[in-house]
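Undergrad: Chain A is already provided as a structure; the job is to place chains B and C on it using the hints.
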Amino acid sequence: MSQSDQSLPLLRVQSLVKSYGDRVAIHEASFDLWPGEVMAVVGESGSGKSSLLNVIAARTQPDAGQVEYLNHNGQLENIYTMTQAQQRLLSRTEWGFVHQNAADGLRMDVSAGANVCERLMGLGERHYGRLRQTAEHWLHRVEIDISRMDDTPRTFSGGMRQRLQIARNLVTQPRLVFMDEPTSGLDVSVQARVLDLLRQLTRKMQLAVVIVTHDLAVARLLADRMMVMQHGRIVESGLTDQVLDDPQHPYTQLLVSSVLQP
Amino acid sequence: MLQMKQVSKRFTLHHQHGTELNVLQNVTLTLSAGECLVLDGPSGMGKSTLLKLAYANYSATSGLIEVSQANNQLLELTRATPRELIQMRRETMGYVSQFLRVIPRVSALDVVAEPLIEEVTDQLHAIDDAREKARTWLTRLRIPERLWGLPPATFSGGEQQRINIARNLIKPRPILLLDEPTASLDAANTKTVIDIIQEAVSRGAAVMGIFHDTQVGQAVATRHIDVAQFRFAAKDAA
Amino acid sequence: MSASYETAPEVNFAYLDERTKRMIRRSILKAIAIPGYQVPFGSREMPLPYGWGTGGIQVTASVIGPEDMLKVIDQGSDDTVNAVNIRRFFERTAGVNTTTRTHEATLIQTRHRIPEKPLVEGQIIVYQVPVPEPMQRLEPREAETRTLHGLAEYGLMHVKLYEDIARYGHIATTYDYPVMVNHRYIMSPSPNPKFDNPKMHMNPALQLFGAGREKRIYAVPPYTSVESLAFEDHPFEIQKWPVACTQCGATDSFLDEIITDDSGSRMHVCSDSDYCQTRQDEQSSVAT
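Chains as they are written, first to last, in my numbering: chain A, 1 to 262; chain B, 1 to 238; chain C, 1 to 288.
If we strip away everything but chain A, and leave its shape as in the complex, we get (with noise of 0.2 Å):
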């Protein structure tokens, strides 16, 4: 329990429960995420970590439990409530979301700075000269060459795509992201500028990030604070420096001592 403030969090999940069939992929997961705070779900294939991020961003139905979302006028609403369009409208302003393969999260055959004001576009702006200054303010942040504007993402390389797709979602500033494994379809040598980039980004732009990682060097370098899960529980939680530097869940424990160190 907080200390110190009466404030509501901006993400409330409570007793999500999330089945395939026989198999439950999400067993009573309730957390709370403040507006700045970037979290990371941690665990190997098949501890829920996926799931749970689909259910929270409105892609998958919870079996049970309820997802609510601070809205404008202050109040949390059920995000299951709300109406197809109120959903589609939040995913393209107020939220992000990321996807590991940028394919997903791009129009492949559409410019890049089509790609990058399509949201703008879709909330009404029809200034042609200024949705192009959107797009070279956005690709400038991202570290794509301005020169590439009109060219499609098919041209591009895995990491440009990543910060393409990173570009086009946080041009409406949105107040929360959800990402899913960013880097991890990415080279190595590729992955340090990603990754660098969202820390830079999510700093300056004070979002609420949650993102899922198999990589717990990914979850230091970004996250505040971080759960773990295993077999669709979520078997600790905390500050992330506490988690990886004193875990004491045994799972954790042994992830934290598989990772190996070059």
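Everything labelled a hint here was simulated from the structure, so no lab data went into it. Quantities reported herein were computed from a predicted structural model and do not represent experimental measurements. A few of these clues could be false.
What the hints assert, rightly or not - With a straight-line Cα cutoff of 20 Å, these simulated EDC-like cross-link-like pairs (lysine to aspartate or glutamate) come out:
| no. | chain 1 | residue 1 | chain 2 | residue 2 |
| --- | --- | --- | --- | --- |
| 1 | A | LYS204 | B | GLU35 |
| 2 | C | LYS160 | A | ASP224 |
| 3 | A | LYS204 | B | GLU76 |
| 4 | C | LYS160 | A | ASP150 |
| 5 | C | LYS215 | C | GLU45 |
| 6 | C | LYS215 | C | GLU144 |
| 7 | C | LYS160 | A | ASP215 |
| 8 | A | LYS204 | B | ASP128 |
| 9 | C | LYS199 | C | GLU237 |
| 10 | B | LYS171 | B | ASP129 |
| 11 | C | LYS199 | C | ASP164 |
| 12 | C | LYS160 | A | GLU77 |
| 13 | B | LYS191 | B | GLU91 |
| 14 | C | LYS160 | A | GLU136 |
| 15 | A | LYS204 | B | ASP195 |
| 16 | A | LYS204 | B | GLU118 |
| 17 | A | LYS204 | B | GLU119 |
| 18 | A | LYS204 | B | ASP110 |
TA: Same frame as chain A, now just chains B and C:
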């Protein structure tokens, strides 16, 4: 500033047959503003562990740890949320660990300036001020200018240590924890660090530190504590 | 031109059976009630392949009556092979009178043009449509485009225009230029040149659109708002020619460019053959 009340720390190694390491038992101490408390004792006695408990890098097995924060609110670390702990570290407590955790791609200058840049986020002139202060610190700690634009990953141990120190002192905080801050430093830089610590103490900071070099410890200490008294002695278990 | 054929006795009036016509009329009514919305319908096998106007023919067949006067044009002309064949089809199966004069027609079926002469209340114009979904090239999944239409999420449509400007410096789409109907649905105006888009706005006639292969019908009721999409700094503009029609001198009609000899000489002629002919007739009657 900082109070530890009957704090104990036990590690349970689940994958080594559940071995338990009782590192600290019944730690009770108070750290006040304007003092430098030096932790004495041979290595392996739990001195680093004590500092890490104070920083909430480790979680106490039992007992209470109270921090008087910069905003005058009291925070009890064993029951604090991650959010509160991060806020506490940002505003109230600096910690110079033995190793600098290197973030790839960030230049030494920005590593040092970061605690100030974090506060202002986007105002450009404030970022410039922060970097200017960082330059001052790097100069004082004799980091050659040609290194300022490079990420510290390739720096020597001593250089990394000085970056770590600069980073923690650029933003004056009420509490400062130091774990062997001069271990890899030459005489000139060690002297500089001693001066820095004494300055912090005179401005009212509460400093607690471990110094492998007893002379350095003597030079900065206003008080000593022998950590051996907090070791769990098996024969005393009752 | 009056009917000179008897309707073939074994074929129902206008070829389609009455139940099918009812089904299509229901779809048409639904389409009129929701201007610009694509209504699915049970498209029938017609005696010509997909891509030749089966949708338009089914719509015409469902609304045509024995008293109607039918005009059929293709690329603005009554004389092309398609126009001739479709007109003959209805002469044989419905025994209706047909005409080439726009102002005489009660029902007009068209591919690729809207007549230059403004239509009046009581007229119906039926457009042949190959691809009814305006976002199809950008979003091939129909489940997704249906959701976008349902939720009026049209950012993607502007992406298409943005891409044109980025690629060509201007909106290069010159035909099938997307429009917003009744301030709600984005519609493909069928492959009409954008020159014709303004004619759809607040038109006194009923405009019906039929896509046979894709099995969709949509409509724009009389006096409905139809606005071409654009950007504030790249407004919608219609095509202009620097020359007039060589046959009738019109400067306000859509001109076809015809190469006349091997050395590349060209002349411009009104695409709308009726319009051109009418103007020529007026000029010659004035002259005499």
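Undergrad: Hinted pair, alpha-carbon criterion (20 Å max): LYS204(A), ASP195(B). Please report holds or violated.
TA: violated, 34 Å
Undergrad: Keeping to a limit of 20 Å between CA atoms, is the pair of LYS160(C) and GLU77(A) held or broken?
TA: violated, 35 Å
Undergrad: Are LYS204(A) and GLU35(B) close enough, with their CA atoms no more than 20 Å apart?
TA: Violated, because 36 Å separates the two Cα atoms, which is more than 20 Å.
Undergrad: Holds or violated: LYS191(B) and GLU91(B), Cα atoms, limit 20 Å.
TA: violated, 27 Å
Undergrad: If you draw a straight line from the CA of LYS215(C) to the CA of GLU144(C), is it 20 Å or shorter?
TA: Cα-Cα ~18 Å, so holds.
Undergrad: Against the 20 Å threshold, does the CA-CA distance of LYS204(A) and GLU119(B) hold or violate the hint?
TA: holds, 10 Å
Undergrad: Is it true that the CA of LYS199(C) sits at most 20 Å from the CA of GLU237(C)?
TA: holds, 13 Å
Undergrad: Would you mind confirming whether the straight-line C-alpha gap from LYS199(C) to ASP164(C) stays at or under 20 Å?
TA: violated, 24 Å
Undergrad: With a cut-off of 20 Å on the C-alpha distance, tell me whether LYS160(C) and ASP215(A) pass.
TA: violated, 39 Å
Undergrad: Is LYS204(A) close enough to GLU118(B), meaning Cα to Cα at most 20 Å?
TA: With a Cα-Cα distance of about 8 Å, the restraint between LYS204(A) and GLU118(B) holds, given a limit of 20 Å.
Undergrad: Tell me if the straight-line CA distance from LYS204(A) to ASP110(B) falls inside 20 Å.
TA: Measuring from Cα to Cα gives roughly 14 Å; hence the hint holds.
Undergrad: CA of LYS204(A) to CA of GLU76(B), is that 20 Å or under?
TA: violated, 29 Å
In summary, the numbered hints that this structure violates are 1, 2, 3, 7, 11, 12, 13 and 15.
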